[in-house]
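S.K.: Fit chain B to the supplied structure of chain A, relying on the hints for placement.
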Amino acid sequence: MSPEATIQAALITPLIGAVLISLCGRWPNLRETVTLVTAVILFALVISLYPHVLEGVRPSLVVGEMLPGLRVAFTVEPLGLLFACVASFLWIVNSLYSIGYMRANKEKNQTRFYVCFAVALASTVAIAFAGNMMTLFIFYEALTISTYPLVTHAGTEKAKRGGRVYLGILLSTSIGLLFLAIVWTWMIAGTLDFTPGGILEDKASSTIIGVLLALYMFGIGKAALMPFHRWLPAAMVAPTPVSALLHAVAVVKAGVFSVVKVVIYIFGIDLLSVMANADWLIYISGFTILSASIIALRQDNLKRRLAYSTISQLSYIVMATAILAPLSIVGATLHIAAHAFGKITLFFAAGSIYTASHKTEVSQLDGIGRRMPWTMGAFAIGALSMIGVPPTAGFISKWYILHGALDSEQMLAVAVIILSTLLNAGYLLPIVYAAFFRKTQGEHGEAPLPVVIALTLTAAGTVLLFFFPGIFLELARQLI
Amino acid sequence: MISSQFPALQVVLPLMMAPIALIVRNPRAVWMLTLLVTWMTFAISLSLLMQVLDGGTIIYRIGGWVAPWGIEYVLDKVGAFVLVIVSAIASIVMSYARRSIEDEIPEDRIYLFYTMFLLCLTGLLGITITGDVFNLFVFLEISSLSSYVMISLGRDRRALSAAYRYLIMGTIGATFYIIGVGMMYMMTGTLNMADLATLMPAVADTTVIEAALAFLTVGICLKLALFPLHLWLPNAYAYAPSVVTAFLAATATKVAVYVLIRIIFTVFGGVHVFQALGVQNILMSFAIMAIFIASLMAIYQDNVKRLFAYSSIAQIGYIVLGLSFASETGLAAGIIHLFNHAIMKCAIFLGLGCISLRMGRVTIKDMYGLGTRMPWTMAAIVIGGLSLIGIPMTVGFVSKWYLVRAALEAGMWPIAVLIVLGSLLAIIYVWRIVEAAYLKPAPENAKPVSEAPLSMLLPLWVMALASIYFGVDATNTLSIALDAADSLLNGGLQ
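Chains A and B, in that order, are what the protein sequence lines are.
The numbering used here puts the first sequence at residues -3 to 476.
The numbering used here puts the second sequence at residues 34 to 527.
This is chain A alone, in the form it adopts within the complex:
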């Protein structure tokens, strides 16, 4: 299959999956088989693009003209491919996990759940492959809308409130700021295509570049830069598979992915380092990293603690991008993958605990490691990756970010990274300690088998990425 046809297939596969899933709603086994098969096919398609991209080919696909002069187009480049690989691979694992989780917890409306999931993944792949900013924006919004039913899945008053915050912040930032920035860019540059080196050179004054940068950075609300981060804890009301794949991988990564993409392909690193003072972005993201970690320390609800941890980890990527050093960009890219594997493991573990014991608070987890050794073992690995301890993937990405920060003498960034490492340890390690070394309480065993398999897989992935970072490192190196 030609790369162009592969792109087309990768975009359509999850949608066909969604249709089939809705048709198979009455037969749960068939429905979930369809989900799994769709996920596997999608991953196979995405990974088959890998060799091409590594050779330097940038396959692209133009779907059609939407507005005069503005086309819906897709181009596969290293960053997008990496994001698509991570998201589609973790969808397979997550589907496995969902089967165990949704059945064990007897969730309602499971067909709607799987359909929305497939649509969300289709949007994610489209974001990853978007060839211009308008295409990215279209699917960015599609992702918001398609995940709303997942966030409000429970249908309770609490879910409704969570959904309001979720949709309110994501739509307001994207329509209020991002949309404005995109139209403005289009007017100044006359194009919205992602171009290496940026499209704004010699097109605008440094003031306008600065304003545009701010509009983009805050407008991409999915990156959860403070003060637009509240939607992420609010989204935790969703079933755990949603929190795991969407709010630790697909949605939030779509945010930071867009941030990196805008910096590299709309502004261009050179332009930003010459014209606009991007230091404020380091301050904001640094502040987000530290304050989100501090808030995480005080959360007793496990999923909320993990959510604040995600906010802080996302800002690592934003900060690494804002440093504008080649090595830190590599670090940012790797961190997209590293954090995805680590955080999905942590969420899987949280959901596993809930399924087996219906415990949701950190303070209830004393001794749970002895009853659920697999779950808590995986949790420990995920926690180490968050802190950045070898042998986990988090170490590699953090290493590159730190290296980049030192190279460009951003001492503030270095200090933030070191301080936040301590904070990460502070809010994650006590859980591991309590789980294994405190007295046990309650009678229950491990979670259902699919759940355990899924979290073991992602934990193994976290470790493997430390030993074999090549697959993603090669892609990241092509960016600079």
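Be careful, since some hints might not be right.
What the hints assert, rightly or not - Once the Cα atoms are required to be at most 27 Å apart in a straight line, the calculated DSS-like pairs of lysine-lysine come out as: (1) A:Lys104 with A:Lys355; (2) A:Lys156 with B:Lys473; (3) B:Lys398 with A:Lys154.
Hints in this document: simulated from the structure, not taken from any laboratory.
M.R.: Positioned in the frame of chain A, the structure of chain B alone reads:
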């Protein structure tokens, strides 16, 4: 060839059929007749649009009398485009109407509704196609009078007072318009638009012409319900029969906007009234007030038809805002939003008509749990709602894109900010509906509700899908709008 008579046929056809409908009286037969007429006018207007796009402006002299002695029908790109909008909406609404009308209007008055509908259609098409300001007034009155009757046919008794209020306000508007026309006639001695356009620069500086412009603008703005002249609209939309609301919301105010475009950019085209007399600033500020105040009002409505009526006032604000930039992009944004808003609002009101058929009325409470009980209807309403917000892949996105661009091009970035802030208000009122339908359980004692009949769902979904289709592939509609804007700004009717 018959096609050379299309401009006249377009208006004459519904006009002649109206008395026939009055004579026939049998509800089913009258409906069939009206349906046939609407689809024929749609076909004619499409063919006219093709002719205009290929061969330029069509001029049709009634009775062969040369202007300015005779009346001319003049059809340029904007006019042809609006004709297509009006007749398309009419034919979709008619395809939908039968069940809803049988349910909402007593049987012995149904024929009256269809007669009035035909007359209203005549008026709206006539306004769009005529090239004579007095003839326009005649058609304006035909459409207005028939719409008063249609609104008063609503089953809620408050429909009567709503229609009465509209009658008063509408008559004031029409009177202001005709006073303006009279003043122009006094100064130029002509009623033909093209003629007026050439004679206007010579007398533009006189107080009489300035007063004429003031009367015309206020009169037309009353008809198009620009804030703060909108007071007739919410109740009229809320208590009229569902079909009437869908039709009027999508066409009547749009045609009034078209009249505004004609007066400002054709009749006064040569004199740049906008900048000189401050009309630009006035329209722009009222448009922005309309967007915000009406959206805020919409948020607090419990009657869903009223809610979307306020939303219409806000959306009219967007259209007028586009025009008031007086730039090509701005005008194109206004024209494209005229089309886009007609589609999405028609979809929403048709959807509300389905709910009204099943529930008897449409308040927020009636919508509890409808997401599962009337899934197709609700899904179509949600699509319309997303379009109101301006989510990508809906028509609303295209409008917002061009509006924001027009504001930025004009260097008015605060206005661009206000436009996007207005969309945020739309999120709030649309999401009240979404939450009610999908996240609230149906009340315990609710009577069982089934999905609306296919004859209503089909037209509803045609509109819902149209609001996606023209959002995904907007190149054709936009190139017409840009062309139309260009010819309005650089050449007028000729």
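S.K.: For each hint, tell me whether it holds in the structure or not.
M.R.: How the hints compare with the structure:
1. Distance hint between Lys104 (chain A) and Lys355 (chain A) is fulfilled; the C-alpha atoms sit about 20 Å from each other, no more than 27 Å.
2. At most 27 Å may separate the alpha-carbon atoms for a hinted pair to count; Lys156 (chain A) and Lys473 (chain B) meet this at roughly 9 Å.
3. Distance restraint check for Lys398 (chain B) and Lys154 (chain A): the Cα-Cα separation of roughly 20 Å lies within the 27 Å cut-off, and the hinted pair is therefore satisfied.
Comparing the model with each numbered hint stated earlier shows that all of them hold.
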